[in-house]
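Protein sequences, first through last, are from chains A and B. Taken in order, the first sequence gives residues 14 to 377; the numbers are from the working numbering. Taken in order, the second sequence gives residues 161 to 238; the numbers are from the working numbering.
Treat the hints as calculated values from the structure; they're not laboratory data. Mixed in with the good hints there might be a few duds.
Stated by the list, open to error - Computed beta-carbon distance windows for the label pairs:
(1) A:T120 / B:Q215: 45 to 51 Å
(2) A:V77 / B:K195: 45 to 51 Å
(3) A:L239 / B:D207: 18 to 24 Å
(4) B:S190 / A:P305: 41 to 47 Å
(5) A:F243 / B:I177: 50 to 56 Å
(6) B:N213 / A:I280: 42 to 48 Å
(7) A:N101 / B:T184: 40 to 46 Å
(8) B:Y200 / A:S244: 16 to 22 Å
(9) B:K195 / A:I313: 27 to 33 Å
(10) B:Q215 / A:N123: 20 to 26 Å
(11) A:R331 / B:Y200: 46 to 52 Å
For glycine and all other residues, C-beta sits at the position ideal for the given N, C-alpha and C.
So the chains spell out like this:
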Amino acid sequence: MSSFTSRYHRQTILPEIGASGQEKLTASKVLVIGAGGLGCPILQYLVAAGVGTVGIVDFDSVEVSNLHRQVLYGEHSIGKNKALTAKNYLTNLNPEIIIHAYPEKLTPKNAISLFSQYDIIVDGTDNFATRYLVNDACVITNTPLVYGAIFKYEGQVSVFNYQKGPTYRCLFPQPPKAGSVPSCSEIGVLGVLPGIIGSMQANEVLKIILGIGDVLSGKLMMYDSLSAKFSTFSIPRVDAEISKVLAAKADFEAKDYDLFCGIKKSIEIVAKDVFQLEDIQCIDVREAHEQPKIKSLHPICIPLGTLKEQLNMLDTERETIVFCQSGFRSKKAVALLLEQGFKNVSHVKGGAVALYEHEAVKEL
Amino acid sequence: MQLTIKYFGMLAEATAITEEQLHTESCSVSQLLEKLQHQYPKLSDKDFKVAINQQLVNHNHIITTEAEVALLPPFAGG
Chain A
14 MSSFTSRYHR QTILPEIGAS GQEKLTASKV LVIGAGGLGC PILQYLVAAG
64 VGTVGIVDFD SVEVSNLHRQ VLYGEHSIGK NKALTAKNYL TNLNPEIIIH
114 AYPEKLTPKN AISLFSQYDI IVDGTDNFAT RYLVNDACVI TNTPLVYGAI
164 FKYEGQVSVF NYQKGPTYRC LFPQPPKAGS VPSCSEIGVL GVLPGIIGSM
214 QANEVLKIIL GIGDVLSGKL MMYDSLSAKF STFSIPRVDA EISKVLAAKA
264 DFEAKDYDLF CGIKKSIEIV AKDVFQLEDI QCIDVREAHE QPKIKSLHPI
314 CIPLGTLKEQ LNMLDTERET IVFCQSGFRS KKAVALLLEQ GFKNVSHVKG
364 GAVALYEHEA VKEL
Chain B
161 MQLTIKYFGM LAEATAITEE QLHTESCSVS QLLEKLQHQY PKLSDKDFKV
211 AINQQLVNHN HIITTEAEVA LLPPFAGG
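Chain B with its partners taken away, still in its complex shape (with noise of 0.2 Å):
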């Protein structure tokens, strides 16, 4: 299946860019993590919260299909 991931804020920053495809099997939100944090080491030590197809859900949500996957971190300016 395939999935749209956006970064947000300092998260585009780490990954240095805004949105990309990615191919993967059915998988845990976690799991997805864990491959995007070994591609992009600078995730790792970042805070975020995750979304599939803008609900904001839980590590162990389970991605079966093709969906918009956003990752929000958050902000502390004003």
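Isolated chain A, as found in the complex (with noise of 0.2 Å):
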């Protein structure tokens, strides 16, 4: 029996699987978002299971904090990044596969190039921007995700976008407020949950490749460790949050997700610091016949309902200042504009009423 047969021999004499199915998971390539509590034990069984091609995102390094968890690294780990520490364990665990290492951060500008290359995408990152951001780059590039998240000794496992199922969104349309769902760091984690759900999405990647059972597609599963209990509720698929989604392709590089989740916001500036800009584009979104005008700001005049028509009037690089009546229109173009990959967008509290009284103060 050569090496290869005989290490995957306890999976291949399952009738189910076979040679054939071996063959099935040769030939597949699964990336792996977050290598760290849900990360480890994906990473581990995928690999052990002889998963052709595995990548392995994550730009963080290990903590001590991380060990009592995330069982690929140890002591001479800390300090190393996630993604290459891991590659460095499964390529021990298993030398006949192709492991890639990504020690970098998932954003919109990589993530479509990096989910085009995998058959499967696996969520294991631990943040709601990160999530949304797996989510599009999947209904973008037409990849089943697998999806996993716990709060403290709960946990969530679903299989999104796969077949025509529902996709993240047509279970939660919006990211919750900022700072109302806490992170394991914030609020703790018994470290064999993620080694559970982990688990339980790496079976679902198994499933996927071996077309074996009935995926977890359409289905979200609920464990709770305490009481030992598993509740499983049916998602419809929701064409509309996906048309969005497909919709919005365009702009997806340019997105801001912590802006979508509200991890970052908008900038406000006082009436009386703008004056003191230099080089800056400077914007009214208010109506034409709106009233004072600002003359010395020089501003372009861009009602809000015209803003997303007229974007190729600015630079998207240079420091920008919004400004409208009072501070409310001029928040929702900063979203926007932000959106829209500009860099660096703040809006003046208080809006041309407050401009005007500095103006005037200036002017003096």
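Combine the two chains into a complex, taking the hints into account.
In structure tokens, the structure reads:
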């Protein structure tokens, strides 16, 4: 028996898998986002089972407080990048497969090209911004997504975007308010819970590749480790949510998911400081008839309603200050501009009314 | 009719229970939620989905018979 045959013997003797199942595993490519609490067990089992190509994305480095649950790492890994360290450990576990480590942050800029090289994406991330980013990139590249998430003693598992099934946004169209759902680092987690949830995710990946059993698509599984209870809920596909992501495909690379999830907020600037700034582009998003006009700032006048159509008039790289009458519309304009890839955008507190007062003071 | 309400994740923390029985007349999901948010004010600022008998439903869904109502919040941890 060759090393290849004996390595996978215990799974290939299962009649549902056999040699042909092992060939399917060898031919498959799976990308795991996050090599943390969920990522470690996911990676361990996928690599051990002989998934032919495994990618690992993680920009983070190992801390001592990770070791109670992130079982691919040890004392010597502290301070080292997780993707590279995990690759090192996993190559020893199974040298017969290809492992790619991406020691970088997943962003809208690299997600599409990365996802396009893989058959299945596994979400082992720890924040909403990346979860929405992963979902949207899976929808755009039409790649199945094996989802898992944890909270204290409970976990969720599902398979999204699989054979026209629902996506993460069909379940949760909008992220929760920033800070309303704490993370493991804030509230703690018992190490074995991500072990269970990550193992279930790995199991779904293997089922998809092998074409066996019922894939957890269209269903959300909840697990409560304290009561040892599983509950499963049916999730309908919401075409409108999927169309929205596809319609915004052209703007995807410029989308700011931190802003979308409320992690980053638009910056507010007070009126008197605006007059100190040099080399800015200033946008007045009020309707043409609204007074007073702030002439000394030489604003470009683009009413909020037409801003999206007139972006070609603006420079995305330049520091941008937006104002309206009182500060409400300008806040919306800032969100829109940040979404469109503007780097440095603020809006004026109190709007034109406040600016006018200071402009008058300055002229005295 | 009798409803069994199940609270998951941070919703169980907001209500300090994981499950309860509730007697009510036929009502919509949003009417039920109003009642629950009145009873547990901490639920008001939480985001969650509602499932009736293990099926995700909209807030305008009318509950007419005995049912199990699950409140499902999003989790982020990993």
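These are the hints, each one checked on the structure:
{"no.": "1", "hint": "A:T120 / B:Q215: 45 to 51 Å", "verdict": "violated, 36 Å"}
{"no.": "2", "hint": "A:V77 / B:K195: 45 to 51 Å", "verdict": "holds, 47 Å"}
{"no.": "3", "hint": "A:L239 / B:D207: 18 to 24 Å", "verdict": "holds, 23 Å"}
{"no.": "4", "hint": "B:S190 / A:P305: 41 to 47 Å", "verdict": "holds, 44 Å"}
{"no.": "5", "hint": "A:F243 / B:I177: 50 to 56 Å", "verdict": "violated, 20 Å"}
{"no.": "6", "hint": "B:N213 / A:I280: 42 to 48 Å", "verdict": "holds, 47 Å"}
{"no.": "7", "hint": "A:N101 / B:T184: 40 to 46 Å", "verdict": "violated, 58 Å"}
{"no.": "8", "hint": "B:Y200 / A:S244: 16 to 22 Å", "verdict": "holds, 21 Å"}
{"no.": "9", "hint": "B:K195 / A:I313: 27 to 33 Å", "verdict": "violated, 51 Å"}
{"no.": "10", "hint": "B:Q215 / A:N123: 20 to 26 Å", "verdict": "violated, 37 Å"}
{"no.": "11", "hint": "A:R331 / B:Y200: 46 to 52 Å", "verdict": "holds, 49 Å"}
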